[in-house]
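A.B. asks: Going down the list, the sequences are from chains A and B. Taking this note's numbering, the leading residue of the first sequence gets 1, the next gets one more, and so forth. Taking this note's numbering, the leading residue of the second sequence gets 114, the next gets one more, and so forth.
Incorrect hints may appear among the rest.
Quick partial rundown of chain A residues pointing at chain B, CB under 7 Å, derived from the structure [unchecked claim]: (1) Asn6; (2) Gly11; (3) Val13; (4) Thr23; (5) Ile24; (6) Pro27; (7) Gly37; (8) Gly39; (9) Pro54; (10) Glu57; (11) Asp62; (12) Thr66; (13) Pro68; (14) His70.
Here are some, though not all, of the chain A residues that point toward chain B, as calculated from beta-carbon distances under 8 Å [to be verified]: (15) Val5; (16) Ile8; (17) Val10; (18) Glu14; (19) Thr26; (20) Gly29; (21) Val41; (22) Ile59; (23) Val60; (24) His61; (25) Ala77; (26) Arg80; (27) Arg82; (28) Pro84; (29) Gly87.
Since the hints were made in silico from the structure, they are not lab data. Bear in mind that the values here come from a model prediction, so they are computed numbers and not experimental data. Glycine included, every Cβ here is placed at the ideal spot set by N, Cα and C.
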Amino acid sequence: MLDRVNWIDVGLVEDIPARGARTIATPLGEVAVFRTGAGEVFALMNRCPHANGPLSEGIVHDRHVTCPLHGRVISLATGRMRDPDTGCTPTLPVQVGEDGVIRLALVPSFANA
Amino acid sequence: MKEKLILVGNGMAGVRTLEELLARAPDRYDITVFGAEPHPNYNRIMLSPVLAGEKRFEEIVLNDRAWYEANGITLVTGERVESVDLASRTVLSAAGRSMAYDRLLLATGSDPIMIPVPGRDLPGVVTFRDLADVDAMLAASARGGEAVVIGGGLLGLEAANGLAARGMRVTVLHLMATVMERQLDKAAGFLLQRALETRGITVLTGADTGEIYGTGRVEGVRLKDGREIPAGLVVMAVGIRPSTALARAAGLAVERGVVVDDRMLTSDPAVLAVGECVQHRGATYGLVAPLWEMAKVAADQLAGRADSLYQGSVTSTKLKVTGIDVFSAGRFDGSDGEDIVFRDAARGVYKRLVVKDGRIEGAVLYGDVADGPWYFQLLKDGADVSDLRETLIFGQGAGAAARDPRAAVAALSDEAEICGCNGVCKGKIVSAIAEKGLTTLDDVRSHTKASASCGSCTGLVEQLLSLTLGDGYAAESATAKPMCKCTAHPHDDVRRLIKAKNLRSIPEIMQELEWRTAEGCGHCRPALNYYLLAAWPGEYVDDSQSRFVNERVHANIQKDGTYSVVPRMWGGLTNAAELRAIADVVDKFRIPTVKVTGGQRIDLLGVRKEDLPAVWADLNAAGMVSGHAYAKGLRTVKTCVGSEWCRFGTQDSTGMGVKLERMTWGSWAPHKIKLAVSGCPRNCAEATIKDFGVVAVDSGWELHVGGNGGMKVRACDFLCKVATEEEVLEYCGAFLQLYREEARYLERTAPWIERVGLDYVKRRIVEDAEGRRDLHARFLFSQSFSQDDPWAQRATGGVDRHEFSKLAEVG
Ligand code: SRM
Ligand SMILES: Cc1cc2nc3c(=O)[nH]c(=O)nc-3n(C[C@H](O)[C@H](O)[C@H](O)COP(=O)(O)OP(=O)(O)OC[C@H]3O[C@@H](n4cnc5c(N)ncnc54)[C@H](O)[C@@H]3O)c2cc1C
Ligand code: SF4
Ligand code: FES
């Protein structure tokens, strides 16, 4: 199904600091695009499931981000909060081309619980 | 008239004997001490941590000059005693000083052995015995390059580790097949060698030194098999020999050491001897534990209580190389006892006990040495362990459902030695806690000296506190508590190891200290970033991705994702131009809320992130800089109007506050720091609940420290009173630097002071003038790199541009 979606170029990987994030304004709301220390790229809605904290401002470690407002830890891959907290942020599909261009699809999905 | 006692040898055994004597008969003797070294008595065993950079010399001094003075002892340092005349009872010093004695105490220690190879006299060849040796090694290591250590025993390995920690490439030459073969069996020796090699130390076993070569100074070592190892520094650590020349020339009975009987008397009853220079019942010793026992017996003799006898000592060994745990006691090789062995390769643990006729004869532990003291006690007591045979190797708590460390400590006998460095047993600590009402680790350290040196028994001492006080003891568990789930290391270890192992970046720390996660977490990363910043001012490059968002973007995040902006108002002062500029940015950027803060300045709330650089640019243009309202660092300096206007004011508190703020702004710290200056004791600036508070009085300034408001209000402790503004600045800088260097991340000054004790802070800041000046100088040095307005860097300097713009807008 994903090959029929509309991939949108949003910028270059190198525009995002390693272990950091940038944001993208979209009709769905703000999306946060993360780049991990290992160079992986993930996209999530920029809202913490707890109280809407801007996840893009959190500290990124491995494949997780610690929310800046109250310190919950969220998985970048699934959007799920780490145990024992419960809650989930929608994730969005991203691809990184050989040219380093990040492509985003505006189809948020919740991880299967 | 008092009798005259002369001590020759101002070292650990001699001075300990004097301490024991003063406790028994403080007024009996007129005491003079001759020491060949130019220093007061220090803890020789701690030279290894000094070399490795884990301790400073001042921290290992056991008796400072004030101690000698307070006890009426004449101390002559840097002056060797050349001869003793037993007949006339006089000593003659190298400076030609002749002095008579009634009793003479010899405690001349040992001399390092030099193997008689060509080139041993070349400059650059040193031994490892005293501070002068350490200084020589440090000077050589400052130049970097290669070092060779001859001898793979305890001293050689500690020297090698220290030099490697100082950045030298080190090769250890060891004659035997495995290192420390006198204390360790082959398996443990092998594990140890491997651990050293992973630290970059090369170990050559079976290496027989042929000569040391070089023209004018050492250039390397040639082995008998022809191999050459280049080196600009050669440390000879092949063993020690009791220092007996003085006694021998005097005509005392000397064999390998100065011969003493069970009362520590030499062949001339007016002369006693203690420490490494003696030979007792045929044995000589090279460790401190026997000294404590000898010192008591010798003191009894000198005090005229002739009741105690020295029976000889059984010793155990620990290697003081941070991160490598090795323990050994008793006999294991060549014993026909039964071996019990336990290995855990994954954890790198090896334990071996030798049991004969139901008693422990020897113990070698590698990797997990927690049960060392227990085995050692069983060994010394000759206890029957037949019933424990099945579980013995698993340690003291084995068998019990859960391994309760307190139970293990509770089971120790009163004579069990807890602190090996200072020879303190369990009974002494427990009775000190009970009788003197001690409640903290620091109390125990200052009263008993236990845990005050290398610190490896800190856990045991804490167990004793908790056992003795029950619920009354609020465990300072952070000493042992890991920083976070990513590591086993507590904060203090990490701080120490960053320096000791010269760790310069977060990935390097995580690698070297074996972090369990690849990149740490939101707890440890900011802490590590701060520790590196504090350890290497001017060199470490801040990792902004390891900063909490507020410190990364230099504004405080609000619950709706907007930010607040708080410009600095020095000492709470402002003026029309600043207020006008603030009013203008409020209008221009439609900032919804303007509030006067509790910190005497103005908060602009609800600024959009992308507007921040422009807001800052406008404020910068009016001369305003960041107020660091977001920082783990200096926040505000509150002041009152003071003598400029107030009818009660005694000094210019506003001006003092401004000067303090000018000096301290921009500093990073373990937690936020707040200052205040009040102009009289009415204290309108609330200076006595600040991290550093100043209250002016007619004759000067009272300094208060360690207070805060917040959830748990704590009023300051009074530190001292000073006369001038310069002193206020110096004490403030020194205090903040001490806190910066020693507190744990996110520990404010209030809990920090409660943990380390006000006495400690006074000792470092008030009593030690030179130390205070050093701290202050280090504070100013690191400030020279951090007083750069972060707003200007971002508003006009282009720093972190990506922070304040979106990556894209789509749709
Ligand atoms: C703005 C201000 C309230 C006000 O409107 O007056 C304020 C606002 C906040 N304070 Fe405060 N504190 C403010 C003065 C104080 C004071 C009063 C003082 O400094 O004299 C105290 C008690 C004194 C003290 O610190 O000892 C105070 C004790 C705290 C504490 C508790 C600290 C503690 O050690 O227990 C926190 C929590 C913390 O830091 O972890 C805190 C945390 C906060 C935070 C940073 C909460 C947060 O993490 O977001 C608030 C940020 C607001 C913002 O975005 O600007 N604030 N806060 C004051 C700013 C002062 C300034 O000019 O910089
Ligand atoms: C680097 C190092 C690490 C060590 N680590 C440990 C350890 O981990 N555990 C342990 O148990 N032991 C350790 N030791 C051994 C321990 O330090 C000694 O056992 C202890 O210091 C011996 O005390 P002492 O008083 O007999 O001799 P010293 O402490 O050496 O004191 C003798 C003093 O007498 C002076 N002197 C000698 N002759 C004269 C003279 N004619 N006139 C005036 N002064 C004179 C010397 O200069 C010296 O200062 C270590 C030693 C070193 C060097
Ligand atoms: S008292 Fe609480 S609510 Fe008020 S500013 Fe401080 S932290 Fe925020
Ligand atoms: S909003 Fe993220 S933890 Fe509260």
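A.B. asks: Taking 7 Å as the limit, does the beta-carbon of Glu57 of chain A come near enough to a beta-carbon in chain B?
C.D. replies: holds (4 Å)
A.B. asks: Against chain B, is Asp62 of chain A within 7 Å by beta-carbon distance?
C.D. replies: holds (5 Å)
A.B. asks: Should the hint that Pro68 of chain A touches chain B count as held when the rule is a Cβ pair under 7 Å?
C.D. replies: holds (4 Å)
A.B. asks: Let me know if the C-beta of Ile59 of chain A comes in closer than 8 Å to any C-beta of chain B, holds or violated.
C.D. replies: holds (4 Å)
A.B. asks: Min Cβ distance, Val10 of chain A to chain B: is it shorter than 8 Å?
C.D. replies: holds (4 Å)
A.B. asks: Under 8 Å, Cβ to Cβ, is where Ala77 of chain A needs to be relative to chain B, so tell me if that hint holds or is violated.
C.D. replies: With a minimum Cβ separation of about 14 Å from chain B (threshold 8 Å), the hint on Ala77 of chain A is violated.
A.B. asks: Go through the hint on His70 of chain A and say holds or violated, using the shortest Cβ distance to chain B against 7 Å.
C.D. replies: Where the cut-off is 7 Å and the nearest Cβ of chain B is about 10 Å from His70 of chain A, the hint is violated.
A.B. asks: Can you verify the interface hint for Ile8 of chain A: is its Cβ closer than 8 Å to any Cβ in chain B?
C.D. replies: holds (5 Å)
A.B. asks: Can we keep the Arg82 of chain A interface hint, with Cβ of chain B closer than 8 Å?
C.D. replies: violated (10 Å)
A.B. asks: Using 7 Å as the Cβ threshold, decide whether Thr23 of chain A counts as touching chain B.
C.D. replies: holds (5 Å)
A.B. asks: Using 8 Å as the Cβ threshold, decide whether Glu14 of chain A counts as touching chain B.
C.D. replies: Hint violated; Glu14 of chain A Cβ to chain B Cβ min 10 Å, cut 8 Å.
A.B. asks: Can Val13 of chain A be said to touch chain B, with a Cβ gap under 7 Å?
C.D. replies: This interface hint is violated because 11 Å lies over the 7 Å limit.
This entry does not satisfy hints 1, 3, 8, 14, 15, 18, 20, 21, 25, 26, 27, 28 and 29, going by the numbered hints stated previously.
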